[in-house]
Amino acid sequence: MTSKKLNMKEKYSLLTRDLEWEYSYRDYEEIFKQESFEGIKITDWSKWEDPFRLTMDSYWKYQAEKEKKLYAIFDAFAQNNGQQNVTDARYVNAIKLFLTGVSPLEYQAYNGFAHTGRQFGGVGARVACQMQALDELRHVQTQIHAMSHYNKHFDGFQDFPHMHDRVWYLSVPKSFFDDARSAGPFEFMVAIGFSFEYVLTNLLFVPFMSGAAYNGDMATVTFGFSAQSDEARHMTLGLEIIKFLLEQHPDNVPIVQRWINKWLWRGYRVLTLVAMMMDYMLPNKVMSWQESFEVYFEEAATSLFKDLARYGIEMPDYAADAIAEKEHLSHQAWSIFYNYGHAAAFHTWMPTDQEMDWLSEKYPNTFDKYYRPRYEKWREMEEAGERFYNPTLPMLCQTCQIPMGFTDMENPTMTSYRQSVYDGERYNFCSNGCKDIFDYEPEKYVQAWLPVHQIYQGNCGGAEMEDVLGEYYRINLGTDNLDFHGSPDEARWNAWHNLQPAEDKLKKAS
Amino acid sequence: MYQVTVEPTGDVVEVEEGQTILDASLRQGVWLPFACGHGTCATCKCQLVEGEVDIGNASPFALMDMERDEGKILVCCAIPESDLVIEADIDVDPDFMGFPVEDFQATVVAIDDLSPTIKGVRFELDHPIEFQAGQYINLNMPGVEGARAFSIANKPSDASVLELHVRRVPEGAGTGYVHEQLKVGDTLLLSGPYGQFFTRKSAPEDLIFIAGGSGLSSPQSMILELLEQGDTRKITLLQGARNLSELYNRALFEQLAQEHENFTYVPALDNPLPEDQWEGFSGYVHEAAIDHFGGQFAGHKAYLCGPPPMIDAAITALMQGRLFERDIYMERFLTAADGAEGTTKSALFKKI
Numbered sequence: 001m002t003s004k005k006l007n008m009k010e011k012y013s014l015l016t017r018d019l020e021w022e023y024s025y026r027d028y029e030e031i032f033k034q035e036s037f038e039g040i041k042i043t044d045w046s047k048w049e050d051p052f053r054l055t056m057d058s059y060w061k062y063q064a065e066k067e068k069k070l071y072a073i074f075d076a077f078a079q080n081n082g083q084q085n086v087t088d089a090r091y092v093n094a095i096k097l098f099l100t101g102v103s104p105l106e107y108q109a110y111n112g113f114a115h116t117g118r119q120f121g122g123v124g125a126r127v128a129c130q131m132q133a134l135d136e137l138r139h140v141q142t143q144i145h146a147m148s149h150y151n152k153h154f155d156g157f158q159d160f161p162h163m164h165d166r167v168w169y170l171s172v173p174k175s176f177f178d179d180a181r182s183a184g185p186f187e188f189m190v191a192i193g194f195s196f197e198y199v200l201t202n203l204l205f206v207p208f209m210s211g212a213a214y215n216g217d218m219a220t221v222t223f224g225f226s227a228q229s230d231e232a233r234h235m236t237l238g239l240e241i242i243k244f245l246l247e248q249h250p251d252n253v254p255i256v257q258r259w260i261n262k263w264l265w266r267g268y269r270v271l272t273l274v275a276m277m278m279d280y281m282l283p284n285k286v287m288s289w290q291e292s293f294e295v296y297f298e299e300a301a302t303s304l305f306k307d308l309a310r311y312g313i314e315m316p317d318y319a320a321d322a323i324a325e326k327e328h329l330s331h332q333a334w335s336i337f338y339n340y341g342h343a344a345a346f347h348t349w350m351p352t353d354q355e356m357d358w359l360s361e362k363y364p365n366t367f368d369k370y371y372r373p374r375y376e377k378w379r380e381m382e383e384a385g386e387r388f389y390n391p392t393l394p395m396l397c398q399t400c401q402i403p404m405g406f407t408d409m410e411n412p413t414m415t416s417y418r419q420s421v422y423d424g425e426r427y428n429f430c431s432n433g434c435k436d437i438f439d440y441e442p443e444k445y446v447q448a449w450l451p452v453h454q455i456y457q458g459n460c461g462g463a464e465m466e467d468v469l470g471e472y473y474r475i476n477l478g479t480d481n482l483d484f485h486g487s488p489d490e491a492r493w494n495a496w497h498n499l500q501p502a503e504d505k506l507k508k509a510s
Numbered sequence: 511m512y513q514v515t516v517e518p519t520g521d522v523v524e525v526e527e528g529q530t531i532l533d534a535s536l537r538q539g540v541w542l543p544f545a546c547g548h549g550t551c552a553t554c555k556c557q558l559v560e561g562e563v564d565i566g567n568a569s570p571f572a573l574m575d576m577e578r579d580e581g582k583i584l585v586c587c588a589i590p591e592s593d594l595v596i597e598a599d600i601d602v603d604p605d606f607m608g609f610p611v612e613d614f615q616a617t618v619v620a621i622d623d624l625s626p627t628i629k630g631v632r633f634e635l636d637h638p639i640e641f642q643a644g645q646y647i648n649l650n651m652p653g654v655e656g657a658r659a660f661s662i663a664n665k666p667s668d669a670s671v672l673e674l675h676v677r678r679v680p681e682g683a684g685t686g687y688v689h690e691q692l693k694v695g696d697t698l699l700l701s702g703p704y705g706q707f708f709t710r711k712s713a714p715e716d717l718i719f720i721a722g723g724s725g726l727s728s729p730q731s732m733i734l735e736l737l738e739q740g741d742t743r744k745i746t747l748l749q750g751a752r753n754l755s756e757l758y759n760r761a762l763f764e765q766l767a768q769e770h771e772n773f774t775y776v777p778a779l780d781n782p783l784p785e786d787q788w789e790g791f792s793g794y795v796h797e798a799a800i801d802h803f804g805g806q807f808a809g810h811k812a813y814l815c816g817p818p819p820m821i822d823a824a825i826t827a828l829m830q831g832r833l834f835e836r837d838i839y840m841e842r843f844l845t846a847a848d849g850a851e852g853t854t855k856s857a858l859f860k861k862i
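Going line by line, the protein sequences match chains C and R.
Here the first sequence is numbered in the numbering used here, starting from 1 and rising by one per residue.
Here the second sequence is numbered in the numbering used here, starting from 511 and rising by one per residue.
Calculated from the structure, these hints are not laboratory results.
Careful, some of the hints might be misleading.
[Said to hold, decoys possible] The calculated label-pair distances, taken between Cβ atoms and stated as ranges, are:
(1) R/Gln768 x C/Ser58: 55 to 65 Å
(2) C/Lys444 x R/Asp601: 41 to 51 Å
(3) C/Pro373 x R/Gln538: 40 to 50 Å
(4) R/Val694 x C/Asp44: 46 to 56 Å
(5) C/Lys47 x R/Pro626: 55 to 65 Å
A virtual CB, placed ideally from N, CA and C, is assigned to each residue, including glycine.
Turn these sequences into a full structure, and let the hints steer you where they fit.
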């Protein structure tokens, strides 16, 4: 082993770093304006270790091969009328939520990494961000293509980018990413590259992909695998940025700690949508939110923070709050959506008896005590022809923008409620995490575009519900929204499979 | 049980029936790149050079058909079906000499009681061995299943002898054999050299050695060689032991410290006995390091050798003193009992 063969590191360096040049007629600070204002101190970019070594040449080769395989499966899915072979039409609502809530985040990630990469003086970090930007663009494209097939057969898919920008619950994921993209470049990397892509990614993707697999949705499973095969780069980039920042200067440690605290909480709040998807929207369940949270967050984060402790980084205090919520989160989220089922671009419903029993079994400490009685009441109302829709608009958390429906974990029947006063105005929060984030940067979060405030201020199409939902959100009223029972989605599904309409079943049952 | 050789470093990993290559490697301290751990992300992609594997649940996107045809595997889900040679995307250190592994017949010429629990064994070899200071050999003992790894304590220029420091592991079969049955004149088979723990001679930084228990062996070899070659960088040896009787070879290092201006010796006892009348540092060896260097380690190369808890504490001390993974080298002295604990590992560090 004394050959003078170049090792991978040297080869990659010749192929990439040598593209860098000396800046002879402009100042470094002028070219990389955003590198220092966050307080991060970079003393030596040469200490950056490439998280992956992939030339553009092989990048195109690999990605082209993945696309070929992926689109062959999409074609087969379409030709075989794959939409008829999912477990039942309720499942498709999970996919509507994904397309309107998650796929646009892939596009935001593309924008974010393309912009952020430009801000770094280190060429290694620039190249890595550029590659991730391309991956993210591929992800949003393949997701749209995969789901375009469902758009031919189900309601609620048609205006996803428009909805992402306007609809009340979609402001939760949208404002999360807007927050990250309007931060400085290093905060963006800790927010998205590390906290989201490394720590939380499994908690987002594994439930959706295994949910798809368990419910006969080959197209979604396949784009999931295709996207995950790019995650290697994203996860290793997330790890490198965190190590690099912590090693460059001791003054970076408290800044990075604050960002980790903030972004793990921000990301976790967005995953509320995943929690309710897992426990309520999948006809065939994979595992409960609680189980998934324990495996993909509690265990993984424990080993990660044990290692980070060597840098002086501690587990965020809010982790304990997230753990305390794991037996409640999905039920509270689904209740919010059931309340506002008329204002959502997908269908909601009450679980069946069998599903309620599954929930009791998975959540023995909470479901029968707090949630089953409420659901039974709502089901009674539905059977009596008075399906409950909440006619008022909810107060939103100023930071995560989720309706203030979460409760105090010490006292689960009381709303968890925090307030801050800034510049003479009162602001409301769902949790300590969201309040602390606001209190540290109130100038940023007072600007939040809160859907409910905007409606009341007359900025969302008009004063009537129809103006907001129909004109401004572009929800097709009576088809995209309301309960699954009685929806055109349900009617079409029943026609394909010669099934009895749910109303008839309900009539018989009562 | 199959042997998997990892190129370009030449590390050898023993993989149990049904165990993944990655799992076995990480448990045996051989780092391979990985992230998701379940076949979907492709971070752990390696080239299969020789042998047969079951590629397991590798996703068709993480390991595409053309790559399968080329013999690529994902080690996080690949299970060996024969002895293997794989090539991983890891860097060979420029200071690694890559001396070939050979078999030796080794005859015991001396057995000394270095401390109440540690014996020093000197062998005469049937032919000279080429090795780098810090590396280890695998020793075969009659009636003991499997070879045992021991670091070489003498300097490489003493090529025909081999000095090992063997601590008695309670209920350990191999160390039990050395302590109770081995005698002068016995001949054993051994092979070597192995390992990625060696002196980075091309690195200009001053050196810190932190040793615990019989983990003095490698640092002893490395320091003896550096001083023999007239190295002028500052060299500091911190040696940890429980009490005075366990602090072996102290006289040797005190003498070296007198003869060489650039060498400093700092012994530390964490549990000195009253009769020791100890006036040196009392506390763990990593605390002695913090004390000696004022908690600031940046600008050094550190070499750690000893039991896992000592290494762990030393890494934390070094990192809090701003010395990071790229400047820390370590040899963990694992016993059969250490392998049993199955702790999940994050992907943050490569070697730590």
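Here is what the structure says about each hint:
1. R/Gln768 x C/Ser58: 55 to 65 Å: About 58 Å separates the Cβ atoms of R/Gln768 and C/Ser58, which means 55 to 65 Å holds.
2. C/Lys444 x R/Asp601: 41 to 51 Å: Given range 41 to 51 Å: holds, Cβ gap about 42 Å.
3. C/Pro373 x R/Gln538: 40 to 50 Å: 55 Å, violated
4. R/Val694 x C/Asp44: 46 to 56 Å: Holds, since R/Val694 and C/Asp44 (Cβ atoms, about 55 Å apart) stay within the stated range.
5. C/Lys47 x R/Pro626: 55 to 65 Å: 45 Å, violated
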